[in-house]
Structures are given as C-alpha cells and as structure tokens.
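Asks: Line by line, the protein sequences give chains A and B. For the first sequence, numbering that gives the first Met the number 0 gives the first residue as 0, with consecutive numbering after it. For the second sequence, numbering that gives the first Met the number 0 gives the first residue as 0, with consecutive numbering after it.
A portion of the hints provided could be inaccurate.
Pairs of lysine-lysine residues, derived as DSS-like cross-links and limited to a Cα-Cα distance of at most 25 angstroms, are as follows [stated by the list, open to error]:
#, chain 1, residue 1, chain 2, residue 2
1, A, LYS367, A, LYS354
2, B, LYS95, B, LYS26
3, A, LYS153, B, LYS26
4, A, LYS367, A, LYS432
5, A, LYS153, B, LYS99
6, A, LYS161, B, LYS95
7, A, LYS431, A, LYS354
8, A, LYS161, A, LYS432
9, A, LYS431, A, LYS367
10, B, LYS102, A, LYS161
11, A, LYS354, A, LYS153
12, A, LYS452, A, LYS367
13, B, LYS99, B, LYS26
14, B, LYS61, A, LYS153
15, B, LYS102, B, LYS26
16, A, LYS432, A, LYS354
17, A, LYS161, B, LYS50
18, A, LYS161, B, LYS26
19, A, LYS153, B, LYS50
20, B, LYS50, B, LYS61
The hints are simulated quantities; they were obtained by calculation from the structure and are not laboratory data.
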Amino acid sequence: MTQQLLIAPLLLPFALAIALMFAWFHIRYQRVISIVGSVASLGLAIWLFGRVWQGGIISLQAGGWAAPYGITLVADTLAVTMVLLTAIVGLAVSLFASGSMINQRLRYGFFPIFHLLLMGLNGAFLAGDIFNLYVWFEVMIISSFVLLTLGGEKAQLEGAVKYFTLNFLASIIFLTALAVLYGLTGTLNMADLSVKIALIEQRSLVDVCALIFFVGFGIKAAVFPLYFWLPASYHTPPPAVAAVFGGLLTKVGVYAMMRVFTLMFTRDPFIENMLLVVAFFTLFSGALGAMTRNNIVKVFSWLIICHIGFMLAGLAMYSELALAGAVFYMIHDIIVKANLFMLAGVTNKITGTNKLQMMGGLYANYPKISLLMAIPLFSLVGIPPLSGFWPKLSLILGGIEQGHWPLVAMILLASFATLYVIARVWAEAFWKKQPEFERPAGFRYFGDYPVLKRVLMLLPIGLLALVSLYIAFGAVHIQTLAQRIAAELLHPEAYIEAVLGSTKELMP
Amino acid sequence: MEILLAIMIGVLYAAGIYMMFRRSLVKLIIGIILLGNGANLLIFLLGRLVKGKPPIIAEGSKYLSEAYADPVPQALILTAIVISFGLQAFAIVLIKRTYKVVKTEDLDQINTFDEFE
Numbered sequence: 000m001t002q003q004l005l006i007a008p009l010l011l012p013f014a015l016a017i018a019l020m021f022a023w024f025h026i027r028y029q030r031v032i033s034i035v036g037s038v039a040s041l042g043l044a045i046w047l048f049g050r051v052w053q054g055g056i057i058s059l060q061a062g063g064w065a066a067p068y069g070i071t072l073v074a075d076t077l078a079v080t081m082v083l084l085t086a087i088v089g090l091a092v093s094l095f096a097s098g099s100m101i102n103q104r105l106r107y108g109f110f111p112i113f114h115l116l117l118m119g120l121n122g123a124f125l126a127g128d129i130f131n132l133y134v135w136f137e138v139m140i141i142s143s144f145v146l147l148t149l150g151g152e153k154a155q156l157e158g159a160v161k162y163f164t165l166n167f168l169a170s171i172i173f174l175t176a177l178a179v180l181y182g183l184t185g186t187l188n189m190a191d192l193s194v195k196i197a198l199i200e201q202r203s204l205v206d207v208c209a210l211i212f213f214v215g216f217g218i219k220a221a222v223f224p225l226y227f228w229l230p231a232s233y234h235t236p237p238p239a240v241a242a243v244f245g246g247l248l249t250k251v252g253v254y255a256m257m258r259v260f261t262l263m264f265t266r267d268p269f270i271e272n273m274l275l276v277v278a279f280f281t282l283f284s285g286a287l288g289a290m291t292r293n294n295i296v297k298v299f300s301w302l303i304i305c306h307i308g309f310m311l312a313g314l315a316m317y318s319e320l321a322l323a324g325a326v327f328y329m330i331h332d333i334i335v336k337a338n339l340f341m342l343a344g345v346t347n348k349i350t351g352t353n354k355l356q357m358m359g360g361l362y363a364n365y366p367k368i369s370l371l372m373a374i375p376l377f378s379l380v381g382i383p384p385l386s387g388f389w390p391k392l393s394l395i396l397g398g399i400e401q402g403h404w405p406l407v408a409m410i411l412l413a414s415f416a417t418l419y420v421i422a423r424v425w426a427e428a429f430w431k432k433q434p435e436f437e438r439p440a441g442f443r444y445f446g447d448y449p450v451l452k453r454v455l456m457l458l459p460i461g462l463l464a465l466v467s468l469y470i471a472f473g474a475v476h477i478q479t480l481a482q483r484i485a486a487e488l489l490h491p492e493a494y495i496e497a498v499l500g501s502t503k504e505l506m507p
Numbered sequence: 000m001e002i003l004l005a006i007m008i009g010v011l012y013a014a015g016i017y018m019m020f021r022r023s024l025v026k027l028i029i030g031i032i033l034l035g036n037g038a039n040l041l042i043f044l045l046g047r048l049v050k051g052k053p054p055i056i057a058e059g060s061k062y063l064s065e066a067y068a069d070p071v072p073q074a075l076i077l078t079a080i081v082i083s084f085g086l087q088a089f090a091i092v093l094i095k096r097t098y099k100v101v102k103t104e105d106l107d108q109i110n111t112f113d114e115f116e
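Using the sequences plus the hints, can you model the full thing?
Replies: Structure (structure tokens):
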C-alpha cells in the first residue's frame with residue numbers, strides 16, 4: 000500500500016492544477032485552493048518522509064512492469080527530503096503569491112502552472128529511470144517558461160529568450176547523453192545502469208558520456224562556465240516566481256548531478272578533477288558577480304551561482320563528510336534562497352526600487368520586519384550558529400581531510416565574499432537613509448496594501464525563517480539526516496536492491 | 000546505412016549549432032529545432048539498427064529467439080518529439096511576442112536590462 004502511495008506527490012499537484020483551472024476566473028477561490036492544497040502536499044511529504052526514514056527505501060514499479068523494463072519511482076532519503084523541501088517552499092510561495100501578485104497575472108493562470116511546476120519537481124526527485132527524469136525535467140522547464148513570461152513585460156521577454164534557449168539546449172544535450180548511454184548499456188533504469196556501467200570496458204566512452212551529462216545538468220544547475228542565463232533572467236519575473244526558481248530550479252540540476260555522479264558513474268580521476276575545477280571557478284565567479292552588482296535581485300541571483308559551488312565542491316570531494324556537507328548545504332540553501340527572493344519582493348514594495356543606491360531606511364521605518372529579514376540574510380552568510388555555518392564546517396573539514404587546499408581556500412573566500420555582499424545589502428537597504436528620487440506614478444507601496452495582503456506577504460518569510468532557525472539550532476537532526484543521505488549515496492547497494500532486488504529471480 | 004545516418008546526425012548538429020550562433024531570433028529557433036532532430040536520430044542510431052525483424056514473439060514460443068529491432072528507442076524518440084513539439088510551439092510564440100515588444104530580432108539588441116546596474 001505504501002508503495003502505491005509513492006505516486007501521490009505527483010498526483011496531488013496534478014489534481015490541484017486541474018481544480019485550479021476550473022476556477023480560472025475566480026482568483027479568490029484559486030488562492031484558497033492553492034494554499035489548502037499546498038498544506039495537504041506538505042502533510043503528504045512529511046508522511047512520506049516519515050515512512051522512508053523509518054522503513055528505508057521504497058520503490059514503485061509503475062503498472063507492475065518489473066524493473067528494469069518498466070518505469071520505476073524510487074523514494075530514498077535524498078528524494079523524500081527534496082520532496083519535503085519542495086512542499087515547504089511550495090506552501091510559502093503559495094501564500095506569498097496570494098498576497099503579492101497582482102490580479103492580472105493571477106488571471107493568466109499563475110496558480111495552475113505553479114502546481115504543474117511542483118509536480119515536475121516532485122517527479123524529477125522520485126524518478127528512478129533516467130529517461131523519466133528527462134521527461135520530468137521537461138514538465139518542469141515548460142512550466143517555468145510560462146511562469147517566467149507571465150505578464151509579458153519587455154524585461155521578462157528578453158530574459159525569457161535567454162532562459163528558454165539555454166534550458167532547451169540543456170535538454171537536448173541531456174537527450175544526447177541519454178542516447179550515448181543507451182547505446183552503451185541498453186538500459187535506462189538508474190539502478191540497472193549503476194550495475195551495467197561498471198562492467199563496460201571502454202572507459203573513455205563512459206567518460207565522454209559522463210561529460211555530456213555534466214554539461215546538460217551543469218547548464219540547469221548554473222555552474223561555471225554555463226551560468227550566463229541565470230543572472231540574465233532571474234531578476235525579471237515577479238518575486239513569487241523568482242522565489243521558486245531561485246530556491247528550487249537550480250537545485251534540481253545539482254540533485255541530478257548528485258544522483259548521476261554517485262549512482263551511475265563511478266569515480267575516476269578525470270571526473271573528479273573536472274568537478275573540483277568547476278566547483279572552484281563557480282565559487283569564484285559567483286562571488287565576483289555578486290560583489291559587483293547593485294540591483295538587490297541581481298546580487299541574490301549571483302549568490303545562487305556562488306553557492307552552487309559549495310554543493311559541487313562537496314560532490315567533488317566525494318567523502319562521506321563532504322557529501323553530507325553538500326546535502327546539508329542544499330537543504331539550507333533551498334529554504335534561504337527562496338526566502339531571499341520573497342524578501343526582495345517586500346523591500347521592493349516598501350522602497351519602490353530594487354537598486355541598492357536608491358534603497359534605504361528600512362530599519363528606521365519597519366524595524367520589526369527588518370529584524371525578521373535579518374534571519375535569512377545572516378543565515379545565508381552562515382554566522383554561527385545560523386544555518387549556513389554547519390554545512391560549511393563539514394565541507395572545510397572534508398576538504399582538509401583530503402588535502403584539497405585550493406578548494407578549501409576558495410570556500411573560505413566565497414564565504415567572506417558572501418559576508419561582504421550581505422553586509423553591503425544590510426548597510427545600503429536597511430541602515431542608510433533613503434535618498435529622494437522620482438517615485439514611479441501609480442506604484443502600490445507596501446503601506447497601501449490591505450492588512451490581510453501584508454500578512455500574507457510576511458507570513459511565508461516568517462515561516463521559512465523559522466525553518467532556517469530550526470536548521471540552525473536543530474543542526475544535529477539535519478546533520479544526522481545529511482550523513483544518512485551521504486552514506487546512501489556512497490553505498491548505492493541498498494538503492495539497487497530496492498529497485499532490482501525483487502526482480503532478480505524473475506530474469507530468465 | 001549507419002554511416003549515412005551518422006553523417007546526417009553530424010550535419011544536423013553542426014548546422015544547428017551554426018544557426019544558434021547567428022544573431023537572428025528566428026535562426027536561433029531553427030537551430031534549436033535542427034539540434035533536437037539530430038538528438039532524436041542519434042537515439043535511433045545508437046539503439047542499433049536492425050532491419051526487418053519486428054520484436055514480435057512467434058505463436059507458441061515464449062521468448063524472442065533471434066535478433067530483433069529494439070522498440071525502446073522508438074518509444075523514447077516519440078516522447079522526445081512530442082515534448083520538443085510543445086517547446087517549439089512555445090518558442091515560436093515567444094519570439095513573436097518578443098519581436099512585437101522589443102521591435103527587433105537582433106539578439107545583440109535584446110539586452111536592454113542586462114547592463115551593470
């Protein structure tokens with residue numbers, strides 16, 4: 000019975016999207032359905048997480064077709080953790096969009112498409128078949144294209160052209176890699192691939208295949224030097240959309256890399272060196288970009304790139320400690336980054352601008368809100384004991400253990416760069432007196448919104464800030480979780496057995 | 000046949016990438032379409048070409064006894080074609096809207112909001 004319910008995280012958002020489409024012209028109903036549905040998704044995700052935490056990996060063979068011939072859904076600890084994080088961010092963004100988004104945009108169908116995006120995300124996390132992963136990636140990106148262009152402003156369309164081109168290109172490269180992989184092994188089931196790739200004798204072909212996968216996922220995860228679409232597009236959509244994108248979309252790329260480079264491609268020096276170098280330069284270029292931008296949303300966009308480097312560094316070092324650090328960082332990063340983009344949405348509504356020079360006076364005018372916003376900002380920096388500190392500790396210890404000194408130095412430098420950037424944002428936007436400038440006519444300031452809307456905008460920031468605080472002060476729990484995930488990733492035998500185990504005796 | 004297909008896939012990839020490097024929006028989309036078709040053919044080719052051997056089990060036997068054409072690549076290609084069809088439809092509407100709003104199809108001009116701010 001539990002096995003069959005594995006498909007519920009896919010069906011629930013799908014049913015929600017359909018229900019929301021029936022309420023197309025009734026925005027008020029859409030808000031209620033979306034929020035209630037997101038709470039239900041969260042409940043479901045918590046339940047699923049509990050089952051996997053206690054009972055181990057669950058797999059579902061769709062239609063009863065035994066692996067590796069059918070489509071498999073697998074929920075291991077990493078997958079259910081990601082589903083849980085998706086549900087948390089989904090609920091927060093549902094609330095935030097209900098409060099902040101203007102009715103015209105909602106009337107174009109923001110909520111139904113948003114839930115389809117969440118379905119794509121859940122599907123990508125639960126897929127146990129690499130082609131199925133491709134299909135869920137497509138579900139996800141086509142929803143994200145629509146969300147990005149919703150409203151059709153000039154800036155959005157310009158950003159969308161770049162976002163569309165590079166993401167579509169990434170899909171084609173992913174497909175090319177799939178073709179090569181299928182030609183090499185004749186299977187698409189990830190557990191089966193794990194067994195079969197190890198048996199291939201032409202290692203150079205396997206390396207080429209791994210490289211094509213890396214480029215495909217690298218574009219989606221925005222790693223050096225494939226990240227240019229991200230800062231060109233993430234500042235254009237409304238803040239609620241940017242929050243989902245910034246929190247979850249790039250992390251799917253990282254998740255896919257974690258799967259592929261632990262389960263399928265065993266380590267050799269070639270792959271390891273490539274990951275190390277790319278992680279180093281991702282940290283470096285992201286930090287440089289964030290330091291030189293003056294638009295608060297662009298600063299956060301560049302910080303996404305910089306922090307992808309931390310996760311990649313953990314994956315590159317490939318020890319249990321470092322991998323646990325990478326997973327911990329991902330958990331922390333998804334919550335904080337989604338929160339930052341919502342925060343930028345609120346500061347925009349308070350000050351009327353995204354430019355740091357023009358902002359100011361937030362702390363003087365809204366001291367309580369500013370203190371609330373300080374939590375995600377300083378969590379990101381990782382001032383102990385806030386949530387960014389603990390994973391970096393694991394990453395640096397892991398790096399020292401294996402003697403990756405340049406990478407350790409770069410992790411420290413990138414952390415200082417983040418500190419500098421956030422301190423600048425704090426000084427410019429919160430402490431400085433706001434300079435006088437021509438206010439855009441007809442702009443709706445935060446104070447003009449009714450109380451309910453204001454609460455709906457601040458509630459999700461508070462909710463995610465609470466989660467961040469839990470990650471910080473309950474770091475033991477998260478560390479236990481991250482270590483368990485890292486152990487599962489490094490020893491995929493349990494995963495393979497959960498997928499293939501029952502079918503071994505059926506094979507002729 | 001394999002050689003011919005391999006050459007054709009190479010040409011499709013090369014032409015697609017060349018078109019993507021041009022500055023026109025329309026050529027960009029054409030490039031993407033060519034690349035997508037190249038990828039589909041690549042799956043087809045790497046799934047091994049077997050002529051005239053449909054994967055149908057003869058009456059009375061339980062397994063396929065001889066070499067057969069693998070049906071999986073065709074299922075994959077069909078899925079990929081449907082997906083890329085949807086994406087291409089979206090892309091064409093996107094460039095039409097972009098052209099109307101930005102009033103140019105030169106990619107170098109489409110970065111009004113990209114300067115250092």
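Asks: Hint by hint, say whether it matches the structure.
Replies: Okay, the hints, checked on the actual structure:
1. Of the supplied pair hints, the one linking A/LYS367 and A/LYS354 holds, its CA atoms being roughly 22 angstroms apart against a limit of 25 angstroms.
2. Between the alpha carbons of B/LYS95 and B/LYS26 the distance comes to roughly 13 angstroms, so the proposed pair stays at or under 25 angstroms and holds.
3. A hinted pair counts as satisfied when its Cα atoms are at most 25 angstroms apart, and A/LYS153 with B/LYS26 qualifies at roughly 21 angstroms.
4. Of the pairs offered as hints, the one joining A/LYS367 and A/LYS432 holds, with about 17 angstroms between alpha carbons and a cut-off of 25 angstroms not exceeded.
5. Proximity of A/LYS153 to B/LYS99 is assessed by CA-CA distance (about 10 angstroms); at most 25 angstroms being required, the pair is judged to hold.
6. The straight-line distance between the Cα atoms of A/LYS161 and B/LYS95 is roughly 15 angstroms, inside the 25 angstroms bound, and the hint therefore holds.
7. A hinted pair counts as satisfied when its Cα atoms are at most 25 angstroms apart, and A/LYS431 with A/LYS354 qualifies at roughly 13 angstroms.
8. Our distance criterion of 25 angstroms between C-alpha atoms is broken by A/LYS161 and A/LYS432, whose separation comes to about 36 angstroms.
9. Under the criterion of a C-alpha separation no larger than 25 angstroms, the hint pairing A/LYS431 with A/LYS367 is consistent with the structure, at around 17 angstroms.
10. About 17 angstroms separates the Cα atoms of B/LYS102 and A/LYS161, which keeps this hinted pair within 25 angstroms; it holds.
11. For a cut-off of 25 angstroms, the pair hint linking A/LYS354 to A/LYS153 stands: about 18 angstroms separates their Cα positions.
12. A hinted pair counts as satisfied when its Cα atoms are at most 25 angstroms apart, and A/LYS452 with A/LYS367 qualifies at roughly 17 angstroms.
13. Taken as a hint, the B/LYS99 and B/LYS26 pair is honoured in the structure, with Cα atoms around 17 angstroms apart against an allowance of 25 angstroms.
14. Simply put, B/LYS61 and A/LYS153 have alpha-carbon atoms about 62 angstroms apart, too far for the 25 angstroms limit, and the pair is violated.
15. A hinted pair counts as satisfied when its Cα atoms are at most 25 angstroms apart, and B/LYS102 with B/LYS26 qualifies at roughly 16 angstroms.
16. At most 25 angstroms may separate the alpha-carbon atoms for a hinted pair to count; A/LYS432 and A/LYS354 meet this at roughly 14 angstroms.
17. With a C-alpha separation of about 42 angstroms, the suggested pair A/LYS161 and B/LYS50 falls outside the 25 angstroms cut-off, and the hint is violated.
18. Restraint check for A/LYS161 and B/LYS26: the C-alpha separation of about 14 angstroms stays at or below 25 angstroms, so the hint holds.
19. The straight-line distance between the Cα atoms of A/LYS153 and B/LYS50 is roughly 52 angstroms, outside the 25 angstroms bound, and the hint therefore fails.
20. Only pairs whose Cα atoms come within 25 angstroms are accepted, and B/LYS50 paired with B/LYS61 is accepted, the gap being roughly 22 angstroms.
When the structure is compared with the earlier hints, violations turn up for hints 8, 14, 17 and 19 and for no others.
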